[in-house]
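J.: Top line first, the protein sequences correspond to chains A and B. Read the first sequence against the working numbering and you will find it ends at 493, with the numbers running on by one and no gaps. Read the second sequence against the working numbering and you will find it ends at 493, with the numbers running on by one and no gaps.
In case anyone wonders, no lab produced these hints; they're calculated from the structure. Please note that the accuracy of each hint is not assured.
Identical copies carry no separate label here, and so any pair may be met within one copy or between two of them.
Stated by the list, open to error - As a list, the in silico DSS-like pairs of lysine-lysine whose alpha-carbon atoms are at most 30 angstroms apart:
no., residue 1, residue 2
1, Lys378, Lys138
2, Lys439, Lys115
3, Lys186, Lys156
4, Lys470, Lys138
5, Lys115, Lys456
6, Lys119, Lys215
Protein chains: 2
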Amino acid sequence: MPVKLSAPTPASLLPVSGVQLGFAKAHVRKQDRKDVLVMTLAEGSRVAGVFTKNRFCAAPVILCKEYLAQKTGIRALLVNTGCANAGTGEDGLNRAKQSCKALSDLLKIDANQVLPFSTGVILESLPVDKVIAGLPAVITNLKEDNWLNAAEAIMTTDIVAKGTSRQFQLSGKQVTITGISKGSGMIHPNMATMLAYIATDVVVSQAALESIIHYAVNKSFNCITVDGDTSTNDSLIMMATNQAGNAEITEKSVDFLVLRDALTDIAIELAQAIVRDGEGATKFMTVTVEGGKNETECRKVAYAIAHSPLIKTAFFASDPNLGRILAAIGYAGIDDLDVDNLQLYLGEVLVAEKGGRATSYREEQGAAIMKESDILVRVVLNRGKENITIWTCDFSYDYVKINADYRS
Amino acid sequence: MPVKLSAPTPASLLPVSGVQLGFAKAHVRKQDRKDVLVMTLAEGSRVAGVFTKNRFCAAPVILCKEYLAQKTGIRALLVNTGCANAGTGEDGLNRAKQSCKALSDLLKIDANQVLPFSTGVILESLPVDKVIAGLPAVITNLKEDNWLNAAEAIMTTDIVAKGTSRQFQLSGKQVTITGISKGSGMIHPNMATMLAYIATDVVVSQAALESIIHYAVNKSFNCITVDGDTSTNDSLIMMATNQAGNAEITEKSVDFLVLRDALTDIAIELAQAIVRDGEGATKFMTVTVEGGKNETECRKVAYAIAHSPLIKTAFFASDPNLGRILAAIGYAGIDDLDVDNLQLYLGEVLVAEKGGRATSYREEQGAAIMKESDILVRVVLNRGKENITIWTCDFSYDYVKINADYRS
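Please construct the entire structure, taking both the sequences and the accompanying hints into account.
T.: Written as structure tokens, this is what we have:
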């Protein structure tokens, strides 16, 4: 069996002025595991969030949305693993509130200035007493240079901690961005919880930050998941601590696009890291669909390919059984698709055109590419000018093993 | 690992007057395997078909639709396994036509009175010479009492042959229905080829037969697959040979509903047999969604559950990780779903209500049901009066093994 493909664990993550991080082993579900994380934010920080559209969204997601809408001035984030606190009704909301209250008491802020996050098993009660009992230890080790521990503290079935940092000049000031993420349920990426936290010390307006997070999520996390098809707990948070001393970035600033693109790059890197750490993944697949009439139809084709267990198992087996890709294109839901007018490429190799196998294609070419660990599937629809790129991974014995055994 | 769950191989299948069946080992892909089947129909037989909606539909599907539309008076069906003749363009059409022509010459009928069918690997050329070379042997063993051999001859990754028969009185005459099917790619049932052939000796009008096949497919094969999400080759054929001596059944006949329901029952049985023989399946899951506003939303919820690899692996592991079912209900795409107002049952046991775990639910109850091989998941939406029932299976190590190794 091929070895596990993993994103490299980040060697180090840069502190972001105004963000302190602390963790504890609170025994929420397992012993001897970092499972509670707190991030505190300097007063005046701006925070924006994007959350799951799942109708069964978890209690902490409900509270996050409520507190952000109240513009309470978020000062802390509280994350636990081991229990998703989803499908837990009114009692789940109360437990999440209790955890926020306990942290806010220790930090001497208001409970609705704390955003809660949970990930783990659904439909089970949050052991809030354990979370709260862990908080004093968390407070003790709060510090700015603690991102790598934070990345580890939010892991569930993840094999490696995921994080990345960038430092650059913006409006004449050196600024820092650091982000961490977790999640690895990759056959339908939408069904495992993804959590991502991206912090910067840049001074940026709330409106600009909101604009950036929506742009970035569409280019990153929404390219490893389907719109609306998300888990109960998926959350992406962007935080700006206003510590860098730059003139405030608004949507009209000349440097707005620089900041937007830098934050988006970080989001893409974190999203791809989740795919690379997909449960049981041995191959990283990039699926590009070009020449569609609109983005929607490009996404349909890309996801039909990326979600097909038949295709994903063929990639696992390094088997260039490319007809399965044609079949997926065919059922992707484009009613007037002319299959005789599209091209399918594997890497640089033209595989199919004119409704069938390309005359130039040789099975050895496909076999050689399928042996690589990073593979590009490219479909050219020749119907319009829209393109999309998404990322996924293959599907192995280990996926079944991990998910069959997850709770045991 | 649990043992393979299989549908029982039918002990015997009843001949249908006017239908003769013959087979050969033509070495299309493998040696020593029945891989070509011919069914001949008495003159005057009525034939109706329902086919895949995949835009990349296979060459034989294109020809079937064409010949049926021409009302040529179908007299024979020719099926090969080992090669799907899909994604093969103009050359694929020519090869399918050649095979029809060769059989029609032997049977002294016209080429467009032969419906062709193929199942197997996509994107490869049909070895039509091998098919044709096998036809004389097929002709030699044509006989009415050959349905079990026919059921075996259409198998690909199927573990067991699938077929069923029924005999009953209709308009004072004894009539017979026999059907066979193949297909077993069950995680997305839509992606493996399903072939099904149902024959009866009843005298029935073409219009009535067309009406019945559409009714039956919606209650059977469309309940193990998603509309429009079908493989390149899926085909269901109903044949009536007009030999039973009954007064012709039309849509206005008093016995129309009797015939419709009998043919539908056969179709359901054949469709369920495909699920029970799902690739690597160890459990048969019935998913019922009740109280929806319309059938579409019931189907969305049912398929979100039935397609979730996380749910299917949990069933494989006999793990009552039922939160995964709630998550699937939540992302099924009903935007105004009130999750506090639905109930989830596992078998007879109420598992979740009011947005969370039912207070009466005990994990031991779930664990006991999950150990069974035939499991009912029931969701009550409490939004309307529509219901749907679909069937699927769990997801095991063997699914990956079968699909990773399929071509080798």
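J.: All the hints need checking, so say for each whether the structure fits it.
T.: Against the structure, the hints come out as follows:
1. Lys378 with Lys138: both (26 angstroms within a copy, 21 angstroms between copies)
2. Lys439 with Lys115: between (55 angstroms within a copy, 29 angstroms between copies)
3. Lys186 with Lys156: Classified as within: same-chain Cα gap 17 angstroms, cross-chain 75 angstroms, threshold 30 angstroms.
4. Lys470 with Lys138: So Lys470 and Lys138 pass the 30 angstroms test inside a copy (29 angstroms) and across (26 angstroms) alike.
5. Lys115 with Lys456: Between copies only: 26 angstroms across chains, 37 angstroms inside a chain, cut-off 30 angstroms.
6. Lys119 with Lys215: within (13 angstroms within a copy, 63 angstroms between copies)
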